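Here are the chains, one letter per residue:
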Amino acid sequence: MVMQLKDKHGVSTTFILAAMVLLVCTAGVAFHLRQGWPVVVAFSILVVIKPEWWSMLILGLVYTIFLHSGWPLLGAVFFAILGKPKRWWPIPAGIAFALVEVLSFYLSERPLGITRGYTVLGSIATKLISPKHLDDVSYWSIYEPYIDWTIFVIIGTILGSFLSARYSGDFRLNAVPELWKQSRGKSVIKRWLWVFLAGILMGFAARIGGGCISGVLISGAIQLAPSGFIFMMSVWIGGVTTTFLFYRSRTIVVRRED
Amino acid sequence: MMDIEFIGTQELIKRLVGIFDPETITAIKGGSSLYGGLIIGLLFGVILQKGRLCKYDIVTGLFRLQDFTVFRLGTPVLMVSMVLIYLFVDMKYIELHVPKTVIVPQIIGGLLFGAAIAIMGYCPGTAAGAIGEGSLDGIPAILGMISGAVIYAEFFHDDLAETFLTWGAVGRGTFPDIFEINHWYLIVLFLLMATMFLLMTTMVDWMIIFLRRTFNMFQDLTVAMEEKLPPESGKTGVTLKKKTSTDDKNADMTPYKKKEHAAKKLKKNLFDIFHNPD
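Here the protein sequences come in this chain order: R and F. Quick note: the first sequence, position 104, residue 104 per the numbering used here, numbers continuous. Quick note: the second sequence, position 245, residue 245 per the numbering used here, numbers continuous.
The hints are simulated quantities; they were obtained by calculation from the structure and are not laboratory data. Wrong hints could be hidden among the right ones.
Okay, the calculated bits of chain F under chain R, using three or more residues with CB under 8 angstroms as the criterion [what the hints assert, rightly or not]:
{"hint": "1", "segment": "24-33"}
{"hint": "2", "segment": "51-58"}
{"hint": "3", "segment": "70-82"}
{"hint": "4", "segment": "95-101"}
{"hint": "5", "segment": "106-118"}
{"hint": "6", "segment": "139-152"}
{"hint": "7", "segment": "175-185"}
Model, not experiment: these values are computed from the prediction. Think of the CB as a built atom: it goes at the ideal place given N, C-alpha and C, for glycine as much as any other residue.
Full structure from sequences and hints, please.
Shown next as structure tokens:
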């Protein structure tokens, strides 16, 4: 009965009561620890449960108060307006991508690259399993086992994608993509095994080529380095050839437009 | 080879503390700052998700030559960021960080990388984005990439380091350095070529979307016509009972869901017509 009392934003009284209880509890914990982060975590959880424009603005305000900086609130305002559609038109999205790339050059003084993070994760795994073995492998002297910038780029990518998908209502759990079902069957184990094997190949190829799509292709091409253009051409040739060999007669599949 | 000993919790915590460097969280600016990485990663993830690059359908659609969203998004990225970066370099706000160019390994690595993308449907960045979006097959992708890097470091790096990995080494040069001309000439040339390419791919992509929508419309039309077909005559006693039961089952579904259900069935049939296994 309580569940049915909803206002125009679809907020039930039960949710408000549960949120109040959670916030009071975390405020108690925060007072006990003399630190503010439990309240921030509680607000983030509530926003993930109820992703609306007003809750996004509240989250931005909370982060602004917590970090003593106006940027989270500004970002939340922009995200509340621009993040609602499920997709952006490719050219504006590309321009936004370019601005992020330039921001990476300005703020972090390095080009945007991802694969280095996976390599460092590999060296961290080696260190956690056996620290003595780390010195035997000469390659790990280039990639030292410390949590670095690229690992946080990976974490940030997961969080940002989750936030964006949840806010626009695009988030749904699936183990096998739709097009794979149509061209290679519905089996989850087969798909995951193929993905794992392709992942090994990808990690290996990225180490030979010295980077990934964002690290060599985009960051190389925008600085007019030959590596980016060479990598672009060979990725395109390799990808198309493998697609036609791998999917054979089911390469062209009519997908439902959404 | 590797000697794995079983360790206690305290030893594990000691090793976990050992991988964290406290100096990385002192500032926002700088190449090792974790806060900077988190900010860049958040923006990157939002853009990847909104540009639909985290979807298997879109990325392999590029290699299946039936969806050019990646080209339509990637060309403006190269154009805008190339202009902005060289502008800021000329104004001395930022510096170039050019990746190394080694021709032969990059061709081989690119071919293998393209093969992996064609099978997997994610690049390293979008695999992380796919997990955030709910596509759980990003998890084996990330585990595979980590193990691929470990395999390369353990077994291949020492053997390969002096062979083909050094063939065609150019160093950290760029095209303006090699040809010894001003970079703006090359940028203008690239912009012209990229604009032509963008117009071309956009036209092709719109044509493909139009064809796909037409195909879907005909599917819907056939479904609607199938629903309006008169019921079979005869055997009224038996079919009536069956029909009421199916009607009850369909009544629970919303009209949209019903349509989708019928369309899925029809699509399967059409699919089987177009793709004979032999």
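Which numbered hints are broken by the structure, listed smallest first? none
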